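*Asks:* Chains A and B, in that order, give the protein sequences.
Note that my numbering has the first sequence beginning at 96, numbered continuously upward.
Note that my numbering has the second sequence beginning at 96, numbered continuously upward.
Interface residues of chain A toward chain B, partial, derived using beta-carbon atoms under 8 Å: (1) N217; (2) P344; (3) L348; (4) I359; (5) G368.
Quick caveat, the hints were computed from the structure, so don't treat them as lab data.
Computed from a predicted model, the values in this text were never measured in an experiment.
The beta carbon of each residue, even a glycine, is placed where N, CA and C say it ideally should be.
2 protein chains.
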Amino acid sequence: MRLDDEQRLNWLRLIRSDNVGPRTFRALIARFGTAAAALESLPELARKSGRPVRVASREEVERELAAARRFEVSFVALGEPDYPAALRAIDSAPPVIAVRGETAVLARPMVAIVGSRNASANGQTFAGRLARGLGEAGFVVVSGLARGIDAHAHAESLVTGTVAVLAGGHDKVYPAENEPLLQKIVGRGAAICEMPMGWTARGRDFPRRNRIVSGLALGTVVVEAARRSGSLITARFAMEQGREVFAVPGSPLDPRAEGPNDLIRQGASLCAGVDDVVTALAPLVEREPAQKSLFDADDLNDTGEPLWDEFDWPEVAPAPVAARAAYDPGLYDGGGRADDERGRFPAQMEEGARIVAGLLGASPVDVDELVRGSGLSVRVVHTALLDLELAGRIARHPGNRVSLLAS
Amino acid sequence: MRLDDEQRLNWLRLIRSDNVGPRTFRALIARFGTAAAALESLPELARKSGRPVRVASREEVERELAAARRFEVSFVALGEPDYPAALRAIDSAPPVIAVRGETAVLARPMVAIVGSRNASANGQTFAGRLARGLGEAGFVVVSGLARGIDAHAHAESLVTGTVAVLAGGHDKVYPAENEPLLQKIVGRGAAICEMPMGWTARGRDFPRRNRIVSGLALGTVVVEAARRSGSLITARFAMEQGREVFAVPGSPLDPRAEGPNDLIRQGASLCAGVDDVVTALAPLVEREPAQKSLFDADDLNDTGEPLWDEFDWPEVAPAPVAARAAYDPGLYDGGGRADDERGRFPAQMEEGARIVAGLLGASPVDVDELVRGSGLSVRVVHTALLDLELAGRIARHPGNRVSLLAS
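Model the full assembly from the supplied sequences, consistent with the hints where possible.
*Replies:* Encoded structure:
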């Protein structure tokens, strides 16, 4: 399937609206069927939640599309043929990615190489060798265009294919010193990002970007990384996404080896060279990553736009009767089919949001736990979370967890 | 139990005789009851095997005892209270160890630290810190008195207690440059060896020595080691002995890190500091290592000398009837009790040796395999192996395996 221009514009408007992240985007599509319908309903949802939600205007997105054209950036939507299959499989896949360069490179198997910005000379040499060897073995090398390890990994895989994932917009490259490298990357490879044109990356955009780095790749190699560094966040995302994690060992006397050594202790594969990675990943290349059932032929509605299933709601056992009785029994719908409820917005949903918010705190809680703990149906809990998210009252965390934001 | 002077002299004569290693020593005691009886029977066994076996003379051993006294070396026999409990538990425990220094240190829990002779400055620093930290945590540090890692590990644990295991005799210290270090070691710690006074270590004595290094310790830490180095042999012994193996990671660009990195890949615990070792070993300190039933009160014969069980002969299922039929059915004795056969030396034993030799080749074979493959009883196979070993026709390998030596 491919979106037409109007659909693509609506997808961009929806994802560019306040408090709409990848999961909310999916939930809105699941509830309203199309981006256009979700956009229409957003003001009413916002009014109910008691907080204004800024909906991205048509003009704003048209300006973004024009700016993108000047950078030869194209937008690829989740489910379109050019959307990378591995990235599509992650929980929080960006609904739309902005791609600059050779889209074809996104169809090949990838390995992420990440590490310290202030890497040692040895670390940079090793990252470079690894990138070259993996490129020769047929892998596209993904990284984050940072100084140090990232830059060396890109530089040594320019010929064989490399992908840079940016934390800001395509016109706000960070760090500026890597602008010349980026020009080379997009010659035969690609740069991608999920943020709008004109967006300057802030601190919290980097971890968010890192899930895309790991999500594009069959495996992530961490070359040098201090404790609590961004590379370890990428490694954690890779684990949560069910991807391979490799770590390059180093002397315990070097603080930059603490990250990789810790990862090895936690079960990451030791990487001392190209072979360690190729041996582990080669069997995975032919295998498609497990795909969420976003949409297939049966899931297109009459406008031709995909009608999303709510994705992968886990099967849960009904709460014990005692727990259920504590709540309005009407809220417990026994896990009815999605079709029964689509479009309805009964009063009990607001009650659901109240109950769910009462169960949440500052520490992230697994959504499955929330379902069990609330005695509510999966659908009611997810709708409640959607409302709370649109109201800016909760934060989503990796591993299907949510927490209450201080108001 | 303690040996009297005469018994100790006989034990030394037996282990100092040609072709008598630790396993043959045990097998001889198991067959003849005492070292004295085994010594009496050796010439006849040798005659039957067709090769002369030099039996160590009383005078020779008396000379060794005199030389040992000049170095304040005492001999501790397997099963005596001063014999280290962890060492006693290994398959090829030396029947007698020569101890110089403070015997008391041998009763404490130990960790081995081993590594490259041409270690990097960082490797030596790390080994020293580790030794100091482990000493402070209550562990005695064992090593091999080599240059590099070994020397640094000893030097930093002189105060807390360290044990050097020598590959040659106490009067033939190698390398000579570490003689001053050895003097310090025996002040509060100890040096031990299984070789006679006057013995200059040859190449093959070093791996043999390494089984004692690992066997004394609850765990072995490999700091830096090239591929195919002696430290990896120590690590392999440690694994075979069921002890913990730790490896200190290093940059893949450093060849001295190849050994430890390989070990980690194979499942060794990553060691980046004292805590990694202490956390793993602390729970083992209170637990006695699994002991072979060498002897207990019931196993002393009327001379007061221990009467050894044949140790740990594995339980094996009888060979299939067809396999048995191919051999003299008289050889298959259904695993009768040791008592039934002790002292007997039936003709069928020689036939057993012929069959067993026919099944052996240059590649080491598991003794259990040999029992299954031959259709012979466990006892007959082991007696055959004893005869073949005394005849210098087979070699013993770690993991209860044997191979035929080229004649």
